[in-house]
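J.: Chains as they are written, first to last, in the numbering used here: chain A, 7 to 265; chain B, 140 to 403.
Certain hints may be false.
One-sided and incomplete, this derived list gives chain B residues near chain A with beta-carbon spacing under 10 angstroms [claimed, not checked]:
1. P151
2. E184
3. L309
4. F328
5. P329
Note that these hints are calculated values from the structure, not bench results.
Idealized CB from N, CA, C, for every residue including glycine.
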Amino acid sequence: MIRFDNVSVTYRGGVKALRGLDLTVEEGEFVVIVGLSGAGKSTLLRALNGLVPATEGSITVNETEVVGASAAKLREIRSKIGMIFQTFNLVHRTTVLNNVLMGRLSAVPAWRSTFGLWPEKDREKAMQSLERVGIVEKAYVRASDLSGGQQQRVGIARALAQDPLIMLADEPVAALDPITSRQVMTDLQRINEDLGITTLVNLHFLDLAREYGKRLIGLREGELVFDGDIADVTDETFQQIYGRSITEEDLLTTETRND
Amino acid sequence: MTEISNSRPVRPRPKLRTFLVAAFLIVFTVFSARKVGFSFSTFWEMWSNPLWEKFWPVPWEWIFDRHNVVDPLLETFQIAIISTLIGCSLALPISFAISSLTTPNRPTYFVTKAVMNIVRAIPDLFWAKLLVTAIGIGAFAGSWALSIFSLAVMVKLFSETIDGADPRPLEAARAAGGRHAPSVSTGVFPTVFPAYVAYALYVFELNIRASIVLGLVGAGGIGRVVEAQRQYFRFDRVLGVLLIIFVIVLVIEQVSVALRKRLI
Numbered sequence: 007m008i009r010f011d012n013v014s015v016t017y018r019g020g021v022k023a024l025r026g027l028d029l030t031v032e033e034g035e036f037v038v039i040v041g042l043s044g045a046g047k048s049t050l051l052r053a054l055n056g057l058v059p060a061t062e063g064s065i066t067v068n069e070t071e072v073v074g075a076s077a078a079k080l081r082e083i084r085s086k087i088g089m090i091f092q093t094f095n096l097v098h099r100t101t102v103l104n105n106v107l108m109g110r111l112s113a114v115p116a117w118r119s120t121f122g123l124w125p126e127k128d129r130e131k132a133m134q135s136l137e138r139v140g141i142v143e144k145a146y147v148r149a150s151d152l153s154g155g156q157q158q159r160v161g162i163a164r165a166l167a168q169d170p171l172i173m174l175a176d177e178p179v180a181a182l183d184p185i186t187s188r189q190v191m192t193d194l195q196r197i198n199e200d201l202g203i204t205t206l207v208n209l210h211f212l213d214l215a216r217e218y219g220k221r222l223i224g225l226r227e228g229e230l231v232f233d234g235d236i237a238d239v240t241d242e243t244f245q246q247i248y249g250r251s252i253t254e255e256d257l258l259t260t261e262t263r264n265d
Numbered sequence: 140m141t142e143i144s145n146s147r148p149v150r151p152r153p154k155l156r157t158f159l160v161a162a163f164l165i166v167f168t169v170f171s172a173r174k175v176g177f178s179f180s181t182f183w184e185m186w187s188n189p190l191w192e193k194f195w196p197v198p199w200e201w202i203f204d205r206h207n208v209v210d211p212l213l214e215t216f217q218i219a220i221i222s223t224l225i226g227c228s229l230a231l232p233i234s235f236a237i238s239s240l241t242t243p244n245r246p247t248y249f250v251t252k253a254v255m256n257i258v259r260a261i262p263d264l265f266w267a268k269l270l271v272t273a274i275g276i277g278a279f280a281g282s283w284a285l286s287i288f289s290l291a292v293m294v295k296l297f298s299e300t301i302d303g304a305d306p307r308p309l310e311a312a313r314a315a316g317g318r319h320a321p322s323v324s325t326g327v328f329p330t331v332f333p334a335y336v337a338y339a340l341y342v343f344e345l346n347i348r349a350s351i352v353l354g355l356v357g358a359g360g361i362g363r364v365v366e367a368q369r370q371y372f373r374f375d376r377v378l379g380v381l382l383i384i385f386v387i388v389l390v391i392e393q394v395s396v397a398l399r400k401r402l403i
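Start from the sequences, fold in the hints, and give me the full structure.
T.: Rendered as structure tokens:
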């Protein structure tokens, strides 16, 4: 369903973030992407929904080409791809419900959504998404009044409101504490299993990757250096991906970090 | 890990450039003062002018007569309110078009920016004179002049606030497949709306003050009274009106500051 064919991304200024990437992801997979910061994890996800334009190669989502797609075509592709962010990217000065309704932007006519005239069925959809992540009681609370974990759940609900086929999660737990991190990862896992949404998650904690992933992809300096079943992954695999030995910093919880 | 060095750095020497800039400023100031014939003695002579005796006592009965001051003052308020409404409403879409974060495309950005720069380059007093000449003496011309003035101020302040807004919710809206206008209105507008209201209050405050000045060129309001009494050399009345204006501006400023503090 997702195909990267010899994809390269070069940013203005000449930084090569992806180099000749080939990758195929099937429907319903749960893929975890690891790599050092700057390895191209974020770029990979953003190239997939066209937030970052690929400079070379071809990316297809359900046979639709993303690279060089028109603005209208890109909106159509994005409407089926939910995205959640490291920093949650919520609008703090408005309600949780208004944030989740942003997931309905592609489905509602622009003249309605611009003036906040959301149709009843889209409000209902947003409420259902909030129910699925278990914080519907916060629907009319300002987003800024929520804790980090709750904010990320709103982020997930916003993505779910799109009725997505694919879910992209860019370091979804990097700003959260260990317990909340596990809750959010469990939410993502359950959504993948219950709704069959193909999920790609960037992580930098290796124990979380091993705990929740099914398939592991390793990036190093923009190149794909590992692609395989998480069951086959050993510490040596991680060392090979990172190009250095594994330290406590790479783990969410260790004996010495029980905070 | 690099080793921590414990030797203190040498204190940097003052730069030659600093002295050169200071010397230039001093020479330039003295030169300018000579050129315009500035001297402190004329400034003091001004205060011994017999003109000042004409300012006292203030004829309060005349000031508190409805037709003399209250009605023109109401007109000033009306001019300020209508101009704030028109200027700030127009400024809303223009500010979003002129901010690098939310502009729909480059041509719109450059054209709008160029037009607004021209509008702002012309001072409000000149707009007032122009409009008084074009559509006649009175509050109508004043309202138009101040609407343009409000628009210019508002666009400048508000577009810069939009520039500084958090771009990340906008990225989320785009990632969800949103079109430009609804993405901006849902992703950026709630963040900058309190600032918009605060600036509108500030613009109202400026308009009250400006509509006093605009009266001097025949654009209606309390300024007309000041100008008329000045021409009759009734400086006692002028002082009375100015005191009233001073109190009103002070009150409006305090209310506006208090309201704005609650908003941001």
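J.: Against each hint, give a clear statement of whether it holds in the structure.
T.: Here's how the hints hold up against the structure:
{"no.": "1", "hint": "P151", "result": "violated (32 angstroms)"}
{"no.": "2", "hint": "E184", "result": "violated (58 angstroms)"}
{"no.": "3", "hint": "L309", "result": "holds (9 angstroms)"}
{"no.": "4", "hint": "F328", "result": "holds (9 angstroms)"}
{"no.": "5", "hint": "P329", "result": "holds (4 angstroms)"}
Checked against the numbered hints listed earlier, the structure breaks hints 1 and 2; every other hint is satisfied.
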